[in-house]
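Participant: With chain A held as given, fit chain B onto it using these hints.
Going down the list, the sequences are from chains A and B.
For the first sequence, the working numbering gives the first residue as 7, with consecutive numbering after it.
For the second sequence, the working numbering gives the first residue as 53, with consecutive numbering after it.
Just so you know, not all the hints are guaranteed correct.
[Unchecked claim] FRET-style restraints, in silico, Cβ to Cβ:
# : chain 1 : residue 1 : chain 2 : residue 2 : range
1 : A       : Ala13     : B       : Ala151    : 36 to 42 Å
2 : B       : Gln66     : A       : Glu16     : 32 to 38 Å
3 : B       : Ser133    : A       : Lys22     : 24 to 30 Å
4 : A       : Gly106    : B       : Phe127    : 20 to 26 Å
[Unchecked claim] Okay, derived cross-link-like pairs now, DSSO-like style, lysine-lysine, Cα gap no bigger than 27 Å in a straight line:
#  : chain 1 : residue 1 : chain 2 : residue 2
5  : B       : Lys59     : A       : Lys44
6  : B       : Lys59     : A       : Lys108
7  : A       : Lys108    : A       : Lys44
8  : A       : Lys9      : A       : Lys108
9  : B       : Lys59     : B       : Lys117
10 : B       : Lys59     : A       : Lys9
11 : A       : Lys9      : A       : Lys76
12 : A       : Lys44     : A       : Lys22
13 : A       : Lys44     : A       : Lys76
[Stated by the list, open to error] Selected chain B positions facing chain A (in silico; Cβ < 10 Å):
#  : residue
14 : Ser79
15 : Met83
16 : Thr100
17 : Gln103
18 : Thr108
19 : Ser140
20 : Leu144
21 : Tyr159
22 : Pro162
Hints listed in this document are in silico derivations from the structure and should not be mistaken for laboratory results.
Values in this document were obtained by computation on a predicted structure and should not be read as measured data.
Here a beta-carbon is modelled for each residue, glycine too, at the ideal position from N, C-alpha and C.
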Amino acid sequence: AQKVTQAQTEISVVEKEDVTLDCVYETRDTTYYLFWYKQPPSGELVFLIRRNSFDEQNEISGRYSWNFQKSTSSFNFTITASQVVDSAVYFCALSRNTGGFKTIFGAGTRLFVKA
Amino acid sequence: SAVISQKPSRDICQRGTSLTIQCQVDSQVTMMFWYRQQPGQSLTLIATANQGSEATYESGFVIDKFPISRPNLTFSTLTVSNMSPEDSSIYLCSVLGLAGLNTDTQYFGPGTRLTVL
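Here chain A stands alone, though its shape is the one from the complex:
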C-alpha cells in the first residue's frame, strides 16, 4: 500500500527565516514519482517539482530546494529566506503508473510566513 505522511500540520515562521517541510512516503513499487504542490489561498494547486524514483539528485530552484533520500523514504522541501507570498498549504504526493495511474496526497502542511 502507498502512503504519504506530512507530520507537520502547521508551521509559522517570520519572513526571511528558512523552513523545511517534511515528507515521508511508503511504497512497494520500484518505479514511482514524488511531487510537491503549493495551494495558495485562491485554492488552485500549483505544481512545484517532480522526482522519479531513480533520480536522487537534489534540486534547487531559486529559494526552493528539495532533498530526496530513498534510504529514509523522504522527500523534504526547504524554502530559504521565506517571504509572505510563500504562505500556503503545501502537499507532498506519490504517484505510480503501474496497473493504472494513481496519486496519493499527503495531508498537507500549512505554512504561515509573517512579515
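Facilitator: Below, chain B without anything else, positioned relative to chain A:
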C-alpha cells in the same frame, strides 16, 4: 503553456439540487481526474474520467451521486447530485499527459468552490 479551466469557479446551491462542473483543457490529454477537497483536508480522488466510456470510481464514490462524462480528449464534466451540506468542498479537475509539459505529472484546474446550504 496549456490551460485548464473550470466552470463555475464557485457556486452556492440549495440542498437536494444538482450542479454540473465543467473542465476544459486547451490541448488533448491522456487522462482526466476529478478530486474533492473538503474544508481543511487533503485531496481525495473521486474518479478517473475515461474518454468514451464509464468513469472509474474510487471506493466510497458512486456514479449515481457523481456522474461523470468525458466525450473527448479535452473536456469532462462532473455532476454533484442531490446535494447536501456535506458536499460543500472544492472540486478539482486534474489532467495527465499535457503536451509540452511533463507527461507523468498531474496538473490541476483552478477548482470549483461549492457551498451547499
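Participant: Each hint: holds or not?
Facilitator: Results for each hint:
Range check, Ala13 of chain A to Ala151 of chain B: about 37 Å between beta-carbon atoms, so the 36 to 42 Å window is met. Range check, Gln66 of chain B to Glu16 of chain A: Cβ separation about 34 Å, and the 32 to 38 Å hint holds. Take Ser133 of chain B and Lys22 of chain A: their Cβ atoms lie about 49 Å apart, and the range 24 to 30 Å is violated. Between Gly106 of chain A and Phe127 of chain B the C-beta distance comes to about 22 Å, which sits within the given range of 20 to 26 Å.
The suggested pairing of Lys59 of chain B with Lys44 of chain A holds, with an alpha-carbon distance near 21 Å, which does not exceed 27 Å. Of the supplied pair hints, the one linking Lys59 of chain B and Lys108 of chain A holds, its CA atoms being roughly 25 Å apart against a limit of 27 Å. As the CA atoms of Lys108 of chain A and Lys44 of chain A are separated by approximately 19 Å, the hinted pair is consistent with the 27 Å bound. Proximity of Lys9 of chain A to Lys108 of chain A is assessed by CA-CA distance (about 12 Å); at most 27 Å being required, the pair is judged to hold.
For a cut-off of 27 Å, the pair hint linking Lys59 of chain B to Lys117 of chain B stands: about 19 Å separates their Cα positions. Distance check on the hinted pair: Lys59 of chain B and Lys9 of chain A sit about 32 Å apart at the alpha-carbon level, beyond 27 Å; violated. Under the criterion of a C-alpha separation no larger than 27 Å, the hint pairing Lys9 of chain A with Lys76 of chain A is consistent with the structure, at around 15 Å. For the given pair, Lys44 of chain A sits about 19 Å from Lys22 of chain A by alpha-carbon distance, which is consistent with the 27 Å threshold.
The straight-line distance between the Cα atoms of Lys44 of chain A and Lys76 of chain A is roughly 23 Å, inside the 27 Å bound, and the hint therefore holds. For Ser79 of chain B, the interface hint is violated, the least distance from its beta-carbon to any beta-carbon of chain A being 16 Å, above 10 Å. The interface hint given for Met83 of chain B holds, since its Cβ lies 6 Å from the closest Cβ of chain A, which is under the 10 Å cut-off. Hint on Thr100 of chain B holds. Least Cβ distance to chain A is approximately 8 Å, under the 10 Å limit.
Here the hint on Gln103 of chain B is broken, as its CB sits about 14 Å from the closest CB of chain A, past 10 Å. Interface restraint check: Thr108 of chain B against chain A, minimum CB-CB distance 8 Å, threshold 10 Å, status holds. Given the 10 Å rule on beta carbons, the hint for Ser140 of chain B is violated: about 13 Å separates it from the nearest Cβ of chain A. Contact between Leu144 of chain B and chain A, as hinted, is supported at the beta carbon level, the nearest pair being about 6 Å apart and thus within 10 Å.
Below 10 Å, beta-carbon pairs count as interface contacts, and Tyr159 of chain B has one with chain A at about 6 Å; its hint therefore holds. Proximity of Pro162 of chain B to chain A holds as hinted, the smallest CB-CB distance being about 5 Å (cut-off 10 Å).
Hint compliance for this structure: hints 3, 10, 14, 17, 19 are broken, all remaining hints hold.
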